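*Asks:* Spelled out, the chains give:
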Amino acid sequence: MHTTQLEQYQGKVAYKRATSEPPWVRWTLIGIALVFLALFLLIPLAAVFAEALRKGWGVYLAAITEADALSAMKLTLIASLVSVPLNLVFGVAAAWAITKFDFRGKSFLITLIDLPFAVSPVIAGLIFVLIFGLQGWFGEWLIDHDYKVVFAVPGIILATIFITFPFVARELIPLMQAQGKEEEEAALVLGASGWKMLWHVTLPNVKWGLIYGVILTNARAMGEFGAVSVVSGHIRGMTNTMPLHVEILYNEYNYAAAFAVASLLTLLALVTLVLKTYVEWRASHDAAIQEKEVTV
Amino acid sequence: MTTRKKHLLPGFGLSLGYTLVYLSLIVLIPLAAVFLRTTELSFSEFWAIVTTPRVLATYRLTFGASLLAAVINLVFGLLTAWVLVRYQFFGKKILDALVDLPFALPTAVAGISLTAIYAPNGWLGQWLEPHGIKVAFTPLGVVVALTFIGLPFVVRTVQPVLEDFSTELEEAAASLGANRWQTFFKVILPAIWPALLTGFSLSFARAVGEYGSVIFIAGNMPMISEITPLMIITKLEQYDYAGATAIAVVMLVISFALLLLINLLQWWSSHRHGGK
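Protein sequences, first through last, are from chains X and A. If you read the first sequence in this note's numbering, its first letter stands for residue 1, the second for the next number, and so on. If you read the second sequence in this note's numbering, its first letter stands for residue 1, the second for the next number, and so on.
Take the hints with a grain of salt, since some may be wrong.
[Claimed, not checked] Cut-off 30 Å, straight-line C-alpha distance, at most; resulting in silico cross-link-like pairs (DSS-like, lysine-lysine):
#1 Lys207(X) - Lys106(X)
#2 Lys207(X) - Lys196(X)
#3 Lys74(X) - Lys181(X)
#4 Lys207(X) - Lys292(X)
#5 Lys292(X) - Lys276(X)
#6 Lys207(X) - Lys92(A)
#7 Lys292(X) - Lys92(A)
#8 Lys276(X) - Lys181(X)
#9 Lys207(X) - Lys93(A)
#10 Lys74(X) - Lys207(X)
#11 Lys55(X) - Lys134(A)
#12 Lys276(X) - Lys106(X)
#13 Lys93(A) - Lys276(X)
#14 Lys181(X) - Lys196(X)
#15 Lys196(X) - Lys106(X)
#16 Lys196(X) - Lys74(X)
#17 Lys292(X) - Lys74(X)
#18 Lys181(X) - Lys106(X)
#19 Lys292(X) - Lys134(A)
#20 Lys276(X) - Lys134(A)
#21 Lys148(X) - Lys74(X)
[Claimed, not checked] Computed footprint of chain A on chain X; a stretch qualifies when at least three of its residues, placed anywhere within it, have a C-beta under 8 Å from a C-beta of chain A:
#22 120 to 130
#23 176 to 189
#24 271 to 284
Don't read these hints as lab results, they were simulated from the structure. These figures come from a predicted structure and were not determined experimentally. All C-beta atoms in this analysis are idealised placements derived from N, C-alpha and C, irrespective of residue type, glycine included.
Could you build the full structure based on these sequences and the hints that come with them?
*Replies:* As structure tokens, then:
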């Protein structure tokens, strides 16, 4: 059989047509997606900075260096610095138990770990008010001992821990599941202690998943609004986190200042996205290298 | 059945024990508190609280707007995932990364930004207002905020499935005489359907509980633009703990049912997907 060049060319066109869309469809779809993303992502993003700088850099700088703004930043940092490590340790422990051992009720446990994702932030705040608030279970005991949880920093930290509870565990569980347990078993056979194995084998293997989880946890911890708003009591300079400070300024019609503080949170979100993309890229890069090594 | 194999790896007791204690202290016991507190109410009291007209109006708005937003995200999320996986165009990588913005941006920031855009003098509001379309401070604004919040879910659940979808199936369909539409509806769509539904339910579940982004744009008028989470806050501010708790229980039960549904869908999705 002899095929002419023309027939070959026609064959190629027919093949292309069968598994891809004509250009006008392609560009229409791309166009719709771009308009949708611009409307819901790019414009809101741009609006934050435009509103923040509407009254000039002087007002902007004043708004973000004012005493209440600074103390809000400090509290946001504290809440994140406490909740991220706690949930990190929990995530590693939970992923270790779930992925390296078999036990009954495992999938139920995974569902329970996911619970905070299903709970409205407002309810996440409410539960701590019900326990530690004035009318709560420990309310009187706390007053007797002159210790405040609700409308104080501990309540804010508790609510933040609850909201960001599943992130690290969720990232680690599928990753460690996929990696199996051969490497750890090898380390033990070679005489490593349990902690040594964790430190030198397990954690380096899930490094990127771990960092990924921490980035997500931190972003959510610093940005949480609903849960924190319920337990905070909105005491300026005392129990205000950055998102709550934004709300207060906004409700006082101090839009420029509200958006100035909001722009810092937006920058944090953008940094989070950049880090996240970088970590995803590194993780797939490392996986590709490992695959190469295995095949060699 | 209990042929217990000795664990070679250490730390089972420690890690599981720690997991259970931490889970109980942070999540389970506090959540149980909500349910226990409602037992202080009689059933008729409970029912009266959760079915007042004002509260019923909040359910309608919360679930109606969440459903609408999830449908918008279903359609445009699928389209976005398709475009990101199948086509090449300038700026694609950046857009792909930006899809996660609603996960990373604090909800309060999203709320004030969307309000500024859609307010009568805002960038988009000034063009919509003359046509009689009011977005900010109306239920429509609630839909806009919830669409923003739920945007990444459908894209991120459908994207990996589309990436893995083998084009051989499409080629087979085409060689059997299917046109592009038929291939999409009869070959591609059934394959991504479980992922699509999972993304839809995740987006819906997230929208139902959302608070921060909505309260700024909603206007929060009783009977018109109040969402259920705001109702809980309102009751708390009036020191009506029983009322707040009762409404919270209704929301929790619905959220847990949704979580169960999502887990079933994901299980279905992974079996469908993995079994290929």
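*Asks:* Each hint: holds or not?
*Replies:* Hints and how they fare:
Pair hint lysine 207(X) plus lysine 106(X) holds up; C-alpha atoms about 24 Å apart against a cutoff of 30 Å. This hinted pair checks out: lysine 207(X) and lysine 196(X) have alpha carbons roughly 16 Å apart, not beyond 30 Å. Under the criterion of a C-alpha separation no larger than 30 Å, the hint pairing lysine 74(X) with lysine 181(X) is inconsistent with the structure, at around 41 Å. For a cut-off of 30 Å, the pair hint linking lysine 207(X) to lysine 292(X) stands: about 19 Å separates their Cα positions.
As the CA atoms of lysine 292(X) and lysine 276(X) are separated by approximately 24 Å, the hinted pair is consistent with the 30 Å bound. For a cut-off of 30 Å, the pair hint linking lysine 207(X) to lysine 92(A) stands: about 27 Å separates their Cα positions. Using a Cα cut-off of 30 Å, the hinted pair lysine 292(X) and lysine 92(A) holds, with the two alpha carbons roughly 28 Å apart. Of the pairs offered as hints, the one joining lysine 276(X) and lysine 181(X) holds, with about 27 Å between alpha carbons and a cut-off of 30 Å not exceeded.
For a cut-off of 30 Å, the pair hint linking lysine 207(X) to lysine 93(A) stands: about 24 Å separates their Cα positions. For the hint pairing lysine 74(X) with lysine 207(X), the CA-to-CA distance comes to about 28 Å; that is within 30 Å, so the pair holds. Restraint check: the Cα-Cα separation between lysine 55(X) and lysine 134(A) comes to about 27 Å, which is no more than 30 Å; the hinted pair holds. Proximity of lysine 276(X) to lysine 106(X) is assessed by CA-CA distance (about 29 Å); at most 30 Å being required, the pair is judged to hold.
For a cut-off of 30 Å, the pair hint linking lysine 93(A) to lysine 276(X) stands: about 13 Å separates their Cα positions. For the hint linking lysine 181(X) to lysine 196(X), the alpha-carbon distance of about 15 Å falls within 30 Å, and the restraint holds. At most 30 Å may separate the alpha-carbon atoms for a hinted pair to count; lysine 196(X) and lysine 106(X) meet this at roughly 26 Å. Proposed proximity of lysine 196(X) and lysine 74(X) is contradicted: the alpha carbons are some 36 Å apart, above 30 Å.
A distance of roughly 46 Å separates the Cα atoms of lysine 292(X) and lysine 74(X); the hinted pair therefore is violated under the 30 Å criterion. Between lysine 181(X) and lysine 106(X), the direct Cα distance comes to roughly 17 Å. Compliance with the 30 Å bound is thereby established for this hinted pair. A distance of roughly 57 Å separates the Cα atoms of lysine 292(X) and lysine 134(A); the hinted pair therefore is violated under the 30 Å criterion. Of the supplied pair hints, the one linking lysine 276(X) and lysine 134(A) is violated, its CA atoms being roughly 36 Å apart against a limit of 30 Å.
As the CA atoms of lysine 148(X) and lysine 74(X) are separated by approximately 19 Å, the hinted pair is consistent with the 30 Å bound. Only residues whose beta carbon comes within less than 8 Å of a beta carbon in chain A count, and the segment 120 to 130 of chain X has 9; three or more means the coverage holds. For a cut-off of 8 Å, the count of residues in the segment 176 to 189 of chain X with a CB near a CB of chain A stands at 4, and the three-residue condition holds. Judged by the Cβ-Cβ criterion of 8 Å, the segment 271 to 284 of chain X is covered by chain A as claimed, because 5 of its residues qualify and three suffice.
In terms of the numbered hints stated before, the structure departs from hints 3, 16, 17, 19 and 20, listed from lowest to highest.
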